[in-house]
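There are 2 protein chains.
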Amino acid sequence: MAEPYILELLFILVAAWIGGMLAKRIGFPPILGELFIGIILGPALLGLLETSAAVDSLAQLGIVFLMAYIGMEINFKDLGKASWPGLLAAIGGFIVPFALGYYTIIAFDGTQMAAVFVGIAVGVTSLATKSRILVDLKLLDTRIAYVLMAGALISDTLALVIFAGIIGFVDVGSVNAGALSLVAGKAILFFIATTLIGIYFFPILGKLLSKVKSLVRTFHFTVMLIIVLGFSELAEIAGLHGILGAFMAGLFMREGVFSRQVFKDVTIVFHDVAIGFLAPIFFVTAGFNVSLEVFETNLLLLILVILGAVVGKILGTALFYLPSGYGWREGITIGTGMNGRGAVEIIIAGIGLQLGIISTEIFSILVFMAIATTLTVPFFLTWTTNWLRKKGKLVKQKSRTGYLILGANPLAVYMAKHLGENSEVVLIDANKDLVNEANEQGIKAIQGNGLKEETLQAADANTKNVFIALTGNNEINLLTAQLAHNSFYIPNKIVLISPGSNGAGTHLLDAMGASSLFANKTDLSPWIYKISAGEFEEHQEEVDLTIHTRDWVKNRGLDNGILPIIIVDESGQKRPFHFGDSIYANEKIIYLI
Amino acid sequence: MAEPYILELLFILVAAWIGGMLAKRIGFPPILGELFIGIILGPALLGLLETSAAVDSLAQLGIVFLMAYIGMEINFKDLGKASWPGLLAAIGGFIVPFALGYYTIIAFDGTQMAAVFVGIAVGVTSLATKSRILVDLKLLDTRIAYVLMAGALISDTLALVIFAGIIGFVDVGSVNAGALSLVAGKAILFFIATTLIGIYFFPILGKLLSKVKSLVRTFHFTVMLIIVLGFSELAEIAGLHGILGAFMAGLFMREGVFSRQVFKDVTIVFHDVAIGFLAPIFFVTAGFNVSLEVFETNLLLLILVILGAVVGKILGTALFYLPSGYGWREGITIGTGMNGRGAVEIIIAGIGLQLGIISTEIFSILVFMAIATTLTVPFFLTWTTNWLRKKGKLVKQKSRTGYLILGANPLAVYMAKHLGENSEVVLIDANKDLVNEANEQGIKAIQGNGLKEETLQAADANTKNVFIALTGNNEINLLTAQLAHNSFYIPNKIVLISPGSNGAGTHLLDAMGASSLFANKTDLSPWIYKISAGEFEEHQEEVDLTIHTRDWVKNRGLDNGILPIIIVDESGQKRPFHFGDSIYANEKIIYLI
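First to last, the sequence lines map onto chains F and U. Going by UniProt numbering, the letters in the first sequence line up with residues 1 to 593, in that order. Going by UniProt numbering, the letters in the second sequence line up with residues 1 to 593, in that order.
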């Protein structure tokens, strides 16, 4: 028994790995490559690979893991912050293609249930496609990026809710009011029950589990797996599909309920098992179920579904986005960005096929639709953003503001006073006395170890725009900056580097795109002494021509004991003086002597 | 299709989790609880749980993951260090029970192949049982512990090699010289091929993979999984069983080939998937195959197999251990410690059952043998070690020697000169000048960041017995000590704590069993100044009565500016003065003024 199963699994994994890697290499999500390679190597084309019951059961498990992971990645807070333009875009981008898909199938004499499934599949937006392309197109700090990400989230959630509402009715043959309300009642009960368990029971469980000492991670992994499977089963009992349970379980398992570190570790295991092992099996074998005959037999339907998906998504988004007042151009751009379909669509189509709701032809059409629409995203989005950029309508949006400064020594407090004039500043220091002193001077300061996530969390690191490390210890500065970078995605990191350190630090600085504070290397101690003793003077100097901070430092020469700390722009906004900046004409430099 | 499968999986996982947890709670390895609960809830007793093809295929995958993980955990260096007493104990502890098991089955008219399988199962020693009980019995630093751990490793490897030698012959019906040599040739080819791939191809692959930047861990996980499945398949092609391939793959995938961090991360995922998910499914369902009827129909055979296993293991070990010259008592103690059977035995028995080589009766006997022998370990080992202790024959063995000191400041160099008189001392500092200066004074010092594993690795941290953190920065001291503790298992950690720190540090100290250097809190800077300026005196004081270092410090009072740094015992051996120590009568304290 073992031999053919391991061999099949091996071939499918290798195929998935190659397909995913190639897709990624040319800038598309791995799932596209996995579907493609499944179509090419599977029965549809070459017939080299086939599936078996054992492999299918792994694929099944794969979508359970994947949905749980997708749920784990969704943060309620992010959904809450989505703002109503995002909500509008998501709804419009879902409803219009849904309607087009639905009526296309009805027009081609499909069943109502099949039409609904196609509608959902066409309405979905893929989350996974987004982030990479936003980086490539330098869109991360624009309003478009925020609307896109929120929109994709809402669209997925919407699709799953409608899917849940529909799937219960699959077995109900006749439209009998009693049976229908039973189905609806069970589905509602499921959501209420899982929500209550998630909100009230999970925190209790988290507390209980926090008492376990040995093998913490593995133990939690098993428990969370049991919860995911348990919720799956609850969904099945409620007449829904198991993936909804897995999704709900993932949604409520979160840091805060389980300790941050443990949750992070377990998320890693879920991620790797889902993305690196089981889900690719599902996507490759999904490709096995595709029939190429649709290009002959159902070409018109194929074209219409794809057209409906693309046009419906883009126009629907733009149309519903109009009330935001951000203009039809931005709406169309967002529509092109949301045009991809991904994992959730293929999973829903796969379930439709498995339940016999849609035929192999329609399933194949939906797979090709996913591939075609996802392929459009980079091209369309590049065109539309360039167009928007040319028209001067690309609006930047900074959701992060304020400074997080590691260190509450006199120089840090001094900097905080300057920067605090127009931004929020929070200091962190392990030394209680320094923290108290800063607080007494009206500067918000938190006592804690900057190398611990809890401390940065307490200082609201995930809302801050700039992280400044201002202690005399290079390692601490760099490691905390890394934590701010890796775990809290703070976009700007400025790190004080003391002289006498070996070159190791600068390599780390580059790796996280950080820059060094003040001059290239600064010895903190004399300045701390000077400031605490009050033996210093503050001077200003205005710059006539734009000059890089490096060059200013080089020209000025710092051996004579001056420390440039702040740049003030024409409107009076202050920013820290660091080595990766330019000083523009008419800006002022504040320096200490 | 999805529903019953998820439900079965859920029940089996919950059962495994409960069984494993209960077993662990009372001090036994989880596998024991998993087998037990499988027997109780499965067809043998209550008949509440059953398996299915899908669950079985997961169980199959579970043993592949587990064998790969067991391979990953085995370090060639450890095998090399095993010393010949360990080798003797392992061979004796394998051969004698093997022979007893073999002849018992032959005497009961079993086939030769079944007899060999039972022999292997009886000869195996479980690795997993060891470490916990060694800690409980305070044996970790005794010679017994080293022999036990090496013995279990060798025994497992031996069992797998013999299993490999046997499994190929299963299909060969008649004893035909040509067929036999073909089988043997294929098996040998397999081992040569996998070894060559492991030694020559893996490092090349590791280098190639190190160039991948995004999603490093997941990418490596997939690649390693593909290698494990590929080796499994190679083993099958060579006529061996897939688990041997998985084991060989795990054996050669190691840090050094793949980057240390990535290997660690991927090991975590393998561990959690194996131990926290798939392998427990195998062990619970193994319990399903047990028949309780053997207690009626085959009671004599059951008793004889268990007796042969216990007596053979203990006496065989003791007998072969005699040439070591460590005495028969130590041999018997080691035999009782090696009497457990675990994962490898159940896997081999399961394969025998699956291939039809052994009957359900014999399989059941082997499962009960595993349970019975594992149950004996804590009791027998407690008795024998107490007996050994009473006889004064419990020999301590320190395989780790020498000091690793973080910091190459003048005080660290001064300490190193003292400690270096009778031990190896290595200093680590990020500051190149300090490192050069120490080297010039004849003290071995390495330049690097102590918070990085590479640095500690370069300083041979895994052979050191004591780690001392002697920098003025508490965070660096504590974090490096944690790294020394977590990644290099250095048993003794002594950390300098500066005054002015908040209480956070002491909590960490306790968590890793570390102690604070010198007095409770020491300000480093004045001493560094005094030593570098030569403005200090060294004094000695002899102690009349045994006194705890804490009390000595309290009595002496350190406000008058003295720093106790070294304790010298009667034989002139020096050790650092720290807060978790006692000064015995006639020992001397070296202190600075």
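Among the hints, a few may not be true.
A pair holds if it fits inside one copy or across any two, identical chains being indistinguishable in the list.
Stated by the list, open to error - When the alpha-carbon atoms are kept at most 20 Å apart in a straight line, the in silico EDC-like pairs for lysine to aspartate or glutamate are as follows:
1) LYS24 with ASP544
2) LYS521 with ASP433
3) LYS432 with ASP523
FYI, nobody ran anything at the bench for these hints, they're computed from the structure.
Hint by hint, here is what the structure shows:
1. In the homo-oligomer, the alpha carbons of LYS24 and ASP544 never lie at most 20 Å apart, since the shortest distance is 46 Å inside one protomer and 73 Å across protomers.
2. Within a single copy, LYS521 and ASP433 get their C-alpha atoms only as close as 27 Å, which misses the 20 Å cut-off; across copies the closest is 17 Å, which meets it.
3. In this homomeric assembly, LYS432 and ASP523 come within 20 Å of each other (Cα to Cα) only across copies, at 17 Å, whereas the closest approach inside a single copy is 23 Å.
The structure does not agree with numbered hint 1 stated previously, though it agrees with all others.
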